[in-house]
Amino acid sequence: AQKVTQAQTEISVVEKEDVTLDCVYETRDTTYYLFWYKQPPSGELVFLIRRNSFDEQNEISGRYSWNFQKSTSSFNFTITASQVVDSAVYFCALSERGRDDKIIFGKGTRLHILP
Amino acid sequence: NAGVMQNPRHLVRRRGQEARLRCSPMKGHSHVYWYRQLPEEGLKFMVYLQKENIIDESGMPKERFSAEFPKEGPSILRIQQVVRGDSAAYFCASSPAGISYEQYFGPGTRLTVT
Chain A
5 AQKVTQAQTE ISVVEKEDVT LDCVYETRDT TYYLFWYKQP PSGELVFLIR RNSFDEQNEI
65 SGRYSWNFQK STSSFNFTIT ASQVVDSAVY FCALSERGRD DKIIFGKGTR LHILP
Chain B
3 NAGVMQNPRH LVRRRGQEAR LRCSPMKGHS HVYWYRQLPE EGLKFMVYLQ KENIIDESGM
63 PKERFSAEFP KEGPSILRIQ QVVRGDSAAY FCASSPAGIS YEQYFGPGTR LTVT
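Chains A and B are the protein sequences, given in the same order.
Count along the first sequence starting at 1, add 4, and that's the number in our numbering.
Count along the second sequence starting at 1, add 2, and that's the number in our numbering.
So that you can see chain A by itself, here it is in the shape it has in the complex (with noise of 0.2 angstroms):
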């Protein structure tokens, strides 16, 4: 059965601190699609990145970066020199090939930036 859990309910840290945010999937595909999304106050779903089972490879985006880890089922999320607008509820989720419809998501990690 396909599952993401997020350990971390809420995590508090200083600003400019490094924060990882951390993710574990199950899966019986070999093809299957994990995301990251940002859930501001406002409500919305801000889509961050999508990354496909072959595709190992760590990704950066500015200050943020992705660790995949297939021997581990990891798909962690790192933000480097945090800032209070990154405060916000980050869901990480997984899509099967073989099952063309849902999107499994965690039940999210808040993430609360100090000033």
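Some clues are possibly wrong.
What the hints assert, rightly or not - Which stretches of chain A does chain B cover? Using the computed rule of at least three CB atoms under 8 angstroms from a CB of chain B, they are:
#, region
1, 43-50
2, 108-115
As the list claims (entries may be wrong) - Some chain A residues well away from chain B (every beta-carbon gap over 12 angstroms; in silico):
#, residue
3, Lys20
4, Thr24
5, Arg32
6, Arg67
7, Pro119
Stated by the list, open to error - Computed cross-link-like contacts, SDA-like style, restricted to lysine to any residue with a CA-CA straight-line distance of at most 25 angstroms:
#, chain 1, residue 1, chain 2, residue 2
8, B, Lys46, A, Asp90
9, A, Lys20, A, Asp90
10, A, Lys111, A, Ser91
11, A, Lys111, B, Gly87
12, B, Lys46, A, Thr35
13, B, Lys46, A, Arg114
Because the hints were derived from the structure by calculation, they are not lab data.
Even for Gly, the Cβ is constructed at its ideal location relative to N, Cα and C.
Given chain A, put chain B in place with the hints provided.
The following block gives chain B in isolation, referenced to the frame of chain A:
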């Protein structure tokens, strides 16, 4: 190029009333998905539709909830006889045909049942 549109953005209903949530997919997208986000939870899949066809409704509650995506017009998620437990954010996503991993999400409708 407009994204996925949902309306209303906020909806207040009294217990027992009906709620209708609308979703207009992105231009060129023929597939629509509805998700529900209960307070302090992640999004949960409800239903997947193509035009005039329900493909997967495995996440829909068995009673009071229905969805449609007519040939013309937006997709509608209908909740009859709402209860307090229906209070949630309802997100719609759309994708091109056959590319479900490219789902684009709308801003959501926040339903409050009083």
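query = Which of the stated hints cannot be reconciled with the structure, identified by number in ascending sequence?
reply = Those not satisfied: there are none.
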